[in-house]
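Which chain is which? The protein sequence lines are A and B, in order.
Position one of the first sequence corresponds to residue 1 (the numbering used here), numbered consecutively onward.
Position one of the second sequence corresponds to residue 1001 (the numbering used here), numbered consecutively onward.
Honestly, the hints are just simulated from the structure, not real lab data.
A couple of the hints might just be wrong.
[Claimed, not checked] Computed footprint of chain B on chain A, listed as stretches where at least three residues anywhere in the stretch have a Cβ under 8 Å from a Cβ of chain B:
no. : region
1   : 26–37
2   : 206–212
[As the list claims (entries may be wrong)] Straight line, CA to CA, 27 Å or less: simulated BS3-like cross-link-like pairs of lysine-lysine:
no. : chain 1 : residue 1 : chain 2 : residue 2
3   : A       : 27        : A       : 118
4   : A       : 98        : A       : 27
5   : A       : 98        : B       : 1013
6   : A       : 125       : A       : 27
7   : A       : 27        : B       : 1064
8   : A       : 98        : A       : 189
9   : A       : 69        : A       : 186
10  : A       : 13        : A       : 118
11  : A       : 13        : B       : 1013
Model, not experiment: these values are computed from the prediction.
From the three backbone atoms N, C-alpha and C, an ideal C-beta is built for every residue, glycine too.
What follows is each chain in one-letter form.
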Amino acid sequence: MANPHTNQPAHVKHYFVSSEQQFDAAKMGMWLFLVTEILLFSGMFVAYTIYRSWHPETWTALSTALDWKLGGLNTIVLLASSFTVAMGINQIQRGNQKGLLINLVLTFVFAGMFLVVKYFEYSAKFEHGLFPGAAFDPHGVSHGFDYATYNVPYGPQFFSIYFVMTGIHGFHVLVGMGLFAWITVKALKGRFSAEYYTPVENCGLYWHLVDIIWIFLFPLLYLI
Amino acid sequence: MSQDHGHHIVPVKTLVAVFGVLVFLTVLTVVLAQFHFGALEVPIALGIAFTKAAFVVMIFMALKWDNRVNATILAVGSLFVLVFISFILLDTEFRGDLSNTTETTIMDQQRMDEGLEGREPARSDISFNR
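Produce the entire structure from the sequences given, and follow the hints as far as they go.
Take a look at the structure:
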């Protein structure tokens, strides 16, 4: 199905000379957007840095409130999801629509797993009064541990930063799930091929950045 | 399988290998966090995180084989993040260094001290809020 005026495949818009140019332009646009996302998260990382440098012992002590096993599991889950996205692109580059579909669904499932783990993490916090901001009121004993121990100066700030950073990251995961649901539907309809898979490429780039943000969040919040 | 329109296809073997490296580095960072390296903890954790991010960017996002303009965009963006955090730290790390300020200048304070030395202070010379 070629465009009779430009002799290009139908998916090429009239203001691009070729499919190649259109693909490159789209990718560059996505990279520009990704830089704005990096800047968004860097504001929060800077807040973390400042408070950590002002209150290092509090920061190290309170990071024990975060379960590194769950955080580690979430890290592996997101790394796996990045792997499946890259695999999906590999498949569609070779024209394998079924391979693309399987990997898109896997990515979506991994993203869902991440949010489920986060749900359990957050509810455990809320149960014991660990809320962001003014509602901070640690109480209760669980597994022999007294949560009132977290009632220290600058404790609220630590948890505010934890909730805001992982919350905004989690929102990005949710948006990613929406994007993948959208392109999965398109893939099911056979809209992608080795000649045209730009939305898959760009959603993949977005998703890798979401993974990278978590790669930094996990050690900084949970481990050290 | 032939490559299409010059789009570089990253081989499955490479993707699997990189995934393996990423999982290994995750395990490494968790293991190293069990030790207490003091001031080195943050650099070590960040070093491993940057390495993982580099693998994701270069291989999974295929920046290694991509049009150079995208790498430039990322590099410049990262540079600005560096500027952002550096200048903020220049401020926040040195706060409180000037907490010894008073209303009078240091020279005036020294003059007053010299004048008061070895002299019985008259009532008018005593000032409580210098």
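Hints, one by one, checked against the model:
1. 26–37: holds (count 6)
2. 206–212: Since three or more residues must qualify, the claim that chain B covers the region 206–212 of chain A holds, with 3 doing so at under 8 Å.
3. 27/A to 118/A: Roughly 31 Å between the alpha carbons, so the hint for residue 27/A and residue 118/A is violated.
4. 98/A to 27/A: Distance of about 24 Å is within 27 Å: holds.
5. 98/A to 1013/B: holds, 19 Å
6. 125/A to 27/A: violated, 40 Å
7. 27/A to 1064/B: holds, 14 Å
8. 98/A to 189/A: holds, 11 Å
9. 69/A to 186/A: violated, 36 Å
10. 13/A to 118/A: violated, 41 Å
11. 13/A to 1013/B: With Cα atoms ~35 Å apart, residue 13/A and residue 1013/B exceed 27 Å; violated.
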